[in-house]
Every structure is written in C-alpha cells, then in structure tokens.
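Fit chain to chain and form the complex, with the hints in mind.
Protein sequences appear in the order of chains A and B.
Be aware that the first sequence starts at 35, since it is given in this note's numbering, and climbs by one per residue.
Be aware that the second sequence starts at 327, since it is given in this note's numbering, and climbs by one per residue.
No wet-lab data here; the hints were simulated from the structure.
Treat the numbers as computed from the prediction; the structure is a model and nothing was measured.
All C-beta atoms, glycine included, are put in the ideal place defined by N, C-alpha and C.
Where hints are given, some of them may not hold.
To be verified - Across the chosen pairs, the derived CB separations fall in these ranges:
1. Arg515/B to Ala67/A: 27 to 37 Å
2. Pro121/A to Ala513/B: 48 to 58 Å
3. Asp584/B to Cys79/A: 16 to 26 Å
4. Pro96/A to Ala560/B: 48 to 58 Å
5. Glu176/A to Pro650/B: 17 to 27 Å
6. Gly580/B to Ala149/A: 19 to 29 Å
7. Arg694/B to Asp102/A: 55 to 65 Å
8. Cys79/A to Arg595/B: 24 to 34 Å
9. Ala560/B to Cys79/A: 49 to 59 Å
As the list claims (entries may be wrong) - Here's a subset of chain B near chain A, in silico, CB distances under 8 Å, partners left out:
10. Lys349
11. Leu466
12. Ile585
Claimed, not checked - Simulated coverage check for chain B against chain A, where a stretch passes if three residues somewhere in it have a Cβ under 8 Å from a Cβ of chain A:
13. 457-463
14. 520-534
15. 683-691
Each chain, written out:
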Amino acid sequence: METTVADGPDAGASRPLPSLDEPDTAAFWSATAAGRLTYRVCRRCGEVVFFPRSHCPADLSPDLEVRDSAGRGTVYAFTVLRRSAAPGHQGRLPVVLAVVQLREGFRMLTEIVGADPGAVRVDMPVRVRWEPHEGLRIPLFEPDSAQAGLNSLHQGGWVACSDSRGASS
Amino acid sequence: MKADGLASIAGIDEFRPRLSFGKSAWQIKAECAARALADAGLDWQDVDALYDCGEAGGMPGFTMAEYLGLHPSLIDNTAVGGSSFELHAAHAATALSAGRAQVALLTYGSTKRSGNYAATDALSTAPPSPSANMELPYGLTTPGAYAICASRHMARYGTTADQLAAVSVTARVHALRNPDAVAGLAALRIKATELTTEMVLASPMIADPLHLLDCCLINDGGGAVVIVAPDLAADRPHPPVWILGAGEATRYLGNHDDITVSAAVDSGRQAFGQAGVRPGEIDVAMIYDSFTITVIVALEDLGFCAKGEGGAFADGGRLRFDEPGGPALNTDGGGLSSSHPGMRGIFLLIEATRQLRGASTAQVPGARLAVAHGTGGWLTTRHVAGTVVLGRS
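Bound-form chain B, shown alone (with noise of 0.2 Å):
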C-alpha cells in the first residue's frame, strides 16, 4: 500500500466506565490494550514498541512492558503530563516510518477519581525543583494556574466569561450525543442536560474568571492506541488513520514572553507544515481542554482564528459538528463533558480516529482531517504542547 502518511493509526480502545469499580489503572490499560490491538487485527506479540508515560507508577520501561508481558525493542517513556500522549504518536511515527518498529502500543489508566493516588504521592516525596521552591509558599492550584492566564487573555483581548462559557456549553452538546459520555456524567451525579452561558456563569467560582462549569471534569478511565508502521497499514480491520504531521514545543513564565500564547504556536506550525495542511481545511478539531481557556488560546495559536479571537470564535455555536464555519470541536464531549481522567491526550487521537473512520457519535459528514492537539502542564508557568495531523487516505 501506498504511504499516505508516516505512520497509522490502526486499532483504537476506550475504557468505556467513568469509575473505574476496584479496577487499577494498570488492569485499565492492559483491558484497552488488548482490545485495542484486536481492533487493529493485531496480536500481542506484535507490539515492538512500548510508550508509556508512567501515570500508573513505577518505572514503565520495565514495570509496565513486564506488566503487559511485553519485550519491545523500542521504550518511549516521555511524560509531560496530559499532552504525552500526542507526543508519543510524533515519537512512533518518526520510529515507525523510519523502519524502526512496526507495530506501536499507547496505553493510558487511572483511578483519579476513586482514589488511587500512588503516583502522584511518590512525587511528593522527592525534593523540591529549584522552580517549586519558589512557588510552593503561595500554593498555586490547577485551575489557579490556567485561570491566571485567562485573566490577562480577558484584560488584553477583552475575553469574555461568555466566550469561556461556549466552549463548555459545545463540549455538552456533543458529549449529549455519546452514551458513555451520558452514562459517566450520571456516575458521576452530574446531570446530563444541555448547558447555557447562563448555567455556566452561574456554576460556582473556582478561581476567577474560571466557574466549575469552566473546568473539566475528574474521572477514572484509560484507553489505548495502536500505530503501525506503512507497510502493515494495509488489510486492516479499519482503513488508515494516517498521522501526516507532528509537532511538540514548550513555553515557560520566564521574563519575556506573553503568558497568552501558548506553546501551540511552535508544535502547530511544525505539524501543520509536515503534513502540507492548513488549520483551515480542517474538520474535526480535538483539543485538549482542561479548562475552557485552554481552547481558547489553543484555537489561536494553531491558527485557526487570529490571536485574541479566540473568545470570538469559540462563540456563537461554529464549532458544533453540525455546523459551518470552523472545525468540529471535542466531538465525543471532552474533558468538560465525557473524561479527563487526569490526563486526557489519547482520547484526542482516539476521537479524532473515530472521526476519520466514520463513527463518532457526533460524525462530522466526510470527515478527512482531524487534529488532536494536546496542552500538558499549566498555563502561566510551564507547558508542554503536542499537535498531531490526522488523515485518511
């Protein structure tokens, strides 16, 4: 077959509960595993190569690959935070496409929101980064971090509450249309109604401008994704899902730059210009939201509207998947309304996947091509971005 791209997307899996009901996170992602690679037509035995951003603790490079019961001869354990995921399918499509593997495993797990917290206590056991023993006196939470760079977005571009609150009230349309989307937001006794502006803006505030309704949602779940070199892209159980570009960059506080531009504006120029693809020919957008903010400014900087319009764009319904005039965004619900299990990367590929192949519960019609664009860390004082271009053939 033809290489449409450089490498393909071929088995995908989600762990459908958003409780995880006495299973580990590591059970989760040996579960998405293989179902993953039965999907992709693909045995165990086929994996030769393992990325692992090491969520469920130890060191993944051996614990995980002796876990599955795996003996990969290429190990990725980059991590950084939610966007590892996007970074790991650049890292196989470089590998594969160069002939360095054939058949690439991600998996993702965790207990978030039932409590299985071993690895994040085993890093609060180490000593302090020069950067943490600045900040840890003031305590800076999450939604703090990325609320602090929506506050200078509104005061410089003139962002409204209103503008945030559309990206939340998208993300519930679609997520309405996805059954485990639904079943997880009555698992986690959120009612599974359309949200309005007002809704939104009247939900608590956590950290000003950010209302709950602005923040993601904490769950338990996992998946995982298999990516196989060209030559085996061919008579699979699903069509290619050819990754056409990749990108991966990192901004900081620093002195200097603008806390309102994001990392995207590198990683979205370097897998925009591999793939020969504008932002503009784009179909189905999944970007990473942790925070409605985290769009915002990620819509800008991947070029999809000029920088500051990002509030604007997201407004007024366009990114609906049954709408014209910009990408269809989060189309399973995202992290606002379907899952973010504290890491939410692979489910942007396995989404944007299910796009290219036809079975998004909110399909875009004809869709070709799909960007998963993922944001790990904080806004304001440091992130990692990853921008993968997706396609069919």
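The shape of chain A in the complex, shown without the other chains (with noise of 0.2 Å):
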C-alpha cells in the first residue's frame, strides 16, 4: 500500500524541510522516516488530536495515544497554485494544495501529487504517497483509484453543483 515519490526529484531537492527540534511536532516529522503517519487521540474526551501537540485542544488533558493513519481520505478543499514564490515552487509550478480530510477524523493541509491539477476535485479520495529526505519523508497525497468507486457519490454532488452553478447564471 505504501508508496514513494519516484519521479519528483526537483520538489523534493527544493522543499523547505520540518524542523526536527520542534518539541510539539518532532515525533510526528521522526516517525515519517518509518512511513508512518501519526496522530493523536485524547485518552480522557477522545478528540482526535492534529496538528500534534503538547496537549487536547479540547480538554488540556497531556494524556494522548499516539496512533498510525491508514493514510487515506478525501480532498476536503484545494487550490491549484498558478503563482508562487514559496521556497520549493520556483520551476514546478502549478503545485496543487490540499486540505485533506483523513478517515480517523483529522485533517491537513498537503501536496496533491500525481493527478492532472485539472482533475482535482473537492471530496476526491486520495492516499499518502511519501517523499523521502534525509531523516524524514514528507506525506503527500495521490488519488487513490481503489477508494474511488466507494466516493462516486461525492464526485456526483460536486458535478450537480457545477450545474447548478451554470443554471442560475
């Protein structure tokens, strides 16, 4: 299931890289060497915790259980990035970014790799695809064509809004 960028080497040479002494985050970014994707779940309320942190945002409690995401979910929102001047786009631009939406309840914010920026579409099941560095990967998504036939649901209320949209025009 598992998958690594094969064919992007010019984004991965020029992406600015996590800082591996960044107490709330540093056992995130150090897990991503082994391919896995953590969050946190509060053991006191449940909450799901991400970005990860010292902490539940909803209770304070320190208490949480680091747990592995199966690294799939949905294109909750996108953009497609015509223009940038971020470190790490010059010369690869348009570089698609996403808020996806995981399966265990938490969301974040990422590349969308290996699709046609055209073709990116809001509730669009994707799946982590890592990029490796030196010490680290970095999550990256990509359509994930086996979860596709579950969300056919989803890609047609996206297209009955795009109707609907040239409808009332």
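This is how it looks when you write it as structure tokens:
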C-alpha cells in the first residue's frame, strides 16, 4: 500500500524541510522516516488531535495516545497554485495544495501529486505518498483509485453543484 | 453631550500616495497621526492611549510611543494581521467608555510595495510555531489559503467565478470616484478603467479559483484614527461617529469546523447585538477585501444574506453605493482597487467615518449606520475577525 515518490526529484531537492527540534512536532516528523503518518487521540475525552501538540485542544489533557493513520482520505478543499514565490515552488508550478480529510477524523494541509491539476476535485479520494528525505519523509497525497468507486456519490454531488451554477448565472 | 455610543471617532487621516517615495512606515504613521489629531481638534499631548500592532517593527509599546513622543497611560499592542485595527477600536471603545483614558490614537504605516520588509524579516528568523512546522514543506501562499476556502465554498454552495468577480467589479466602480485611488492605480501602473466580469476572468489565474483581479493591490500606505471618550465627543470639528458595538473572534482549521464559515459569525453577533442594530439596517459595509472570497464569506457570516448565498448577493450590483437592495460595499474602492499595504483594517474605519460625515467620494445619501469588518490572517488555516458597528447621532 505504501508508495514513495520516485519521479519528483525537483520538489524533493528544493522543498523546505521541517525542524526536527520543534518540541510539539518532532515525534510526528521522526515517525515519518518509518513511513508512519501519526495522529493523537485524547485518552480522556477521545478527541482526535492534529496538528500534534503537547495537549488535547478540547480539554487540555496531556494524556494523548499516538496512533498510525492508514493514510487514506478525501480532498476537503484545494487550490492549484499558478503563481508562487514560496520556497520549493520554483520551476515546478502549478502546485496543487489541499486540505485532506483523513478517515481517522483529522485534517491536514498537504500537496496533491500524481494527478492532473485540472482533474482534482473536492471530495476526491486520495492516499498518502511519501517523499523521502534525509531522516524524514514528507507526506504528499495522490488519487486513490481503490477508494474512487466508494465515493462516486460525492463526485456526482460535486458535478451537480457545477451544473446548478451554470443554470443560475 | 449625551453619549449615543461607547466612544466616538473624532479624527481620521489616510496617507494619500500609494508609493511612499522614501518615507518609512514610522514617518507615515507620525504624519497621519498629526493630521488625524488636527482633524479631531486635539493636540499631541492630549493622547493618553496608544494602539499599535507593530507593523513598523520594534516593540511598539515603547519604541512607537518614544518615536511619536507620547507618554500613554494605556498601551495595547494587539496584533492579529489586517483586522488588528478593528480590535484596537473595540478595545479603545471599552476603555474610553469606562473612563480608563480620554483620547486613543491608532496609527498604521507600511512600505510593503516599495520594499521595507524589516518587520517581516524579523519574524522569519524566529523558530517555527508547531503549526508552521507542519505546514512549511508545502509552501501555502496567502492567495492559496483563501483559494482553498473558495474551492470549498464553490463546491458546497455552487458559488461561481462570475459571482466572485462581481465584488471586484463593484470595488472598481467606487475606486474610480475616489481621486486618491485613481492616482494610486496610475502609480501602480494599473489602468484605471471600469472592470467587467470578463476582464476579471481573463486576468491570470493566481491560485484556482482566484484570478489576479480577485486579489487585492499591494501598495504603500497608512493612516490614523483618533477615538475620544463620550465626554469629549461634542464640540469637535466634525460631528461624532459613535462606536455602537464591537466584537472579535478566532477560527482555525481544526478537524471539525466548516472552513467556509468565518469568525465573522461570532464577531458580528457580538457587535450587532451590542449595538442593537440588524445587518439589514446598515447603509455602508466596509468589509475587508483581501480577496473577493473574503467578502462573500463575510457578507454571509455577518448576516447580510443566508449562508451560501453570498455569491448571488454580491452579484447584480446591489452593493454599489447608488443601488438599493444592500449595503454600499467598500465605497473607497477597497483593497481590490484603492489600497492594501499589507493590512487594510484602519481604512475600513476611516472610510466608514467619511460616510457617516457625508464626505465619501461615493457617498450614500443620509448614511446613518456603517460596519467595519476586518479579517486578519488567512481563511482556511487561521484568522481573527473584528467587527465594529458605527453610527451618527
């Protein structure tokens, strides 16, 4: 199931990398080296915690259980960057950035790869695809054809939105 | 004089050029402060409360007080991006109505266009926050953050690119009546002509679905606002512009909230509730327009229309100063066509005050009630909304 990016040396070479010394998020990034996409669950109230931090944002409990995500979810919302001066974007625009909704109940900002930018849709099924670096991997997401059938209803809903737009203008 | 509100905006000034020609942000702030105090009929030494979000750099509580030559007994350095000035006005209204101070000064100065990035550079050397350390590998730009929200809004409610463009078309109609905005467009080498939906859609895509003309200007600029306690509101050069109510609220991505709903839901409820005013009564809506989607979302969340109907509400011209059926939107030309030097919140207060004085270049006849609503930070990831309801006696 796990895949890594084999065809993206440009992105990997120039992408700014996170600090492994930042106390709240160091464990998250260390776990990526082993291909683990981790999230936290509050042992007291059950809240799913992401981004990683020292406490549960729902009740401030420090008692959090680290769990591994299966790395599958859907595009909650996205954009295709056509112009960007952000580090790591030079020479490889357009770049698709998205908020992905993971099945385990958390959302994360990420980049969508392996898809025609014009084909990315809200509610499109995606799965994690790792970009390797020294000491860590960056979680990117790609279209998940295995999930696509399950989500055809969502896709249909999106298309219906498009149609109603055309009719109302 | 009877207090018709919490405190009164007595003086305003906007730095007129959109390029600073060598002036620093500090100099722009001081220059605007002097003119706003004169506009209020007050002197430098009358100021006893200083509000500053630190955009010029340094530790503003003492460096800006020292630079201006003030000895304030109340200092507030609330910094939440472009909506900082709505929070400053809200805090000043509370403090002045409680007798904590008499004369509050808010200033803003920026050379964002001509290239003084001192404050930004200082921030970039700080260690990343936990959330930034999660996001920095992806390079989310500011247009990108607002565009992600727009994509969800379109998918969920059927909002169209044409409807987003209508916000920009309306802003340009108002800008063309404002000589400072027209001169500013020329200085920025932008043709000062009316926009059409087609022109917005034909402009380069920046971050889908936002085109270049869905994005605000980047220019130099600044301004100042003087707010006085109720006892000082009368016998000023201009009639009082009362702060009737205010609210502030925060939203961030999290795992649960709908990102198409902004903190305006909460800040607006507080502000309109305190003012005892309904959105439908508002004559002039000064709504932060960093991007067209920012306005659509705020119109809905402030209660000018139902959730999801902001696109249809913005379309069709009802937000023009001379059209019925909705509040006049961003009558100075907005950040889209007049001025956005990085933060726009102070201009919302300034133009709302002009309208309530009857002195706007796109004047709504007999305007009595206005709202200034700022969105600071980024839709999608994290933002702070500040809402101020203003009225004349």
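Hints, verified against the model:
no. : hint                             : result
1   : Arg515/B to Ala67/A: 27 to 37 Å  : 49 Å, violated
2   : Pro121/A to Ala513/B: 48 to 58 Å : 30 Å, violated
3   : Asp584/B to Cys79/A: 16 to 26 Å  : 22 Å, holds
4   : Pro96/A to Ala560/B: 48 to 58 Å  : 55 Å, holds
5   : Glu176/A to Pro650/B: 17 to 27 Å : 51 Å, violated
6   : Gly580/B to Ala149/A: 19 to 29 Å : 26 Å, holds
7   : Arg694/B to Asp102/A: 55 to 65 Å : 59 Å, holds
8   : Cys79/A to Arg595/B: 24 to 34 Å  : 27 Å, holds
9   : Ala560/B to Cys79/A: 49 to 59 Å  : 54 Å, holds
10  : Lys349                           : 26 Å, violated
11  : Leu466                           : 6 Å, holds
12  : Ile585                           : 6 Å, holds
13  : 457-463                          : holds (count 6)
14  : 520-534                          : holds (count 5)
15  : 683-691                          : violated (count 0)
Hints 1, 2, 5, 10, 15 from the list above are not met by this structure, while the remaining hints are.
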